Amino acid sequence: MRIGILEDDPALADQLQKLLSTAGHSSFVFHSGQKLIGFLSRETVDILLLDWNVPDVSGLDVIRWSRQHVTRHPPIVVLTSRTAEEDIVAALKAGADDYVIKPVQPAVLLARIEALCRRVYPEPPSTGPEKFGEYAFDTRTETATVRDSPIQLTAKEFALALMLFRNLNRTLSRSYIFEALWGSNPDLQTRTLDAHISKVRTKLGLRASNGFRLVPVYAYGYRLEAIGEGTA
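Position 62 of the sequence shown, counted from 1, bears residue number 62 in my numbering, the numbering being contiguous throughout.
Derived by calculation from the structure, the hints in this document are not laboratory data. This structure is a prediction, so every number in the text was calculated from the model and none was measured. Some hints here could point you the wrong way.
[What the hints assert, rightly or not] For lysine-lysine, the following DSS-like pairs were computed, each having C-alpha atoms within a straight-line distance of at most 27 Å:
| id | residue 1 | residue 2 |
| --- | --- | --- |
| 1 | K156 | K93 |
| 2 | K102 | K18 |
| 3 | K131 | K35 |
| 4 | K35 | K102 |
| 5 | K131 | K203 |
| 6 | K131 | K93 |
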């Protein structure tokens, strides 16, 4: 998982980053709410950990911004020393999904993150292909079919297509896709991703008439949209 962190205490921020790295997550730390918002304007994360009190833009302000501007906004955990019932209610009403009181207990925080991941990003079915309308993906054989007709995809094209379908209507940044398919710091040109996107779009016929449309999002990445009946 990619996790964005807002925490103005350098020691705690470093502790959180090391904890998440040990658990297999990549994280991005910001000490300013405004800088985090700037990052979220061009990058995709799976979870946000937000300190309530920061000097410029508060954690709750970041929540409100995310709810308004991020497609399929990520689940959010508020980290704070506030323990009053009204504060917890305020954070949850603002849009937080969970609330962790400082000092942070590492095992508890990881358990909360795992619980959120299970709820928001459910595991694919253990048996049979994953189906999205007329499209089906069999992860055991890395084969795709459209209306029961097999489609020849390379391993990377299959992984890219399945990622897009698993994240329907969610805008994915270029670096998010790179990291998932080629590693955390891929030495790849932009045209590498564009070429894979073009091939997946063409081979799978991702256009409105088939129920799904793959669109570029300027200066950000790509989004696969599910199109309702009658949409051109």
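Quiz item: Where does the structure disagree with the numbered hints, that is, which hint numbers, in rising order?
Solution: 1, 3 and 6
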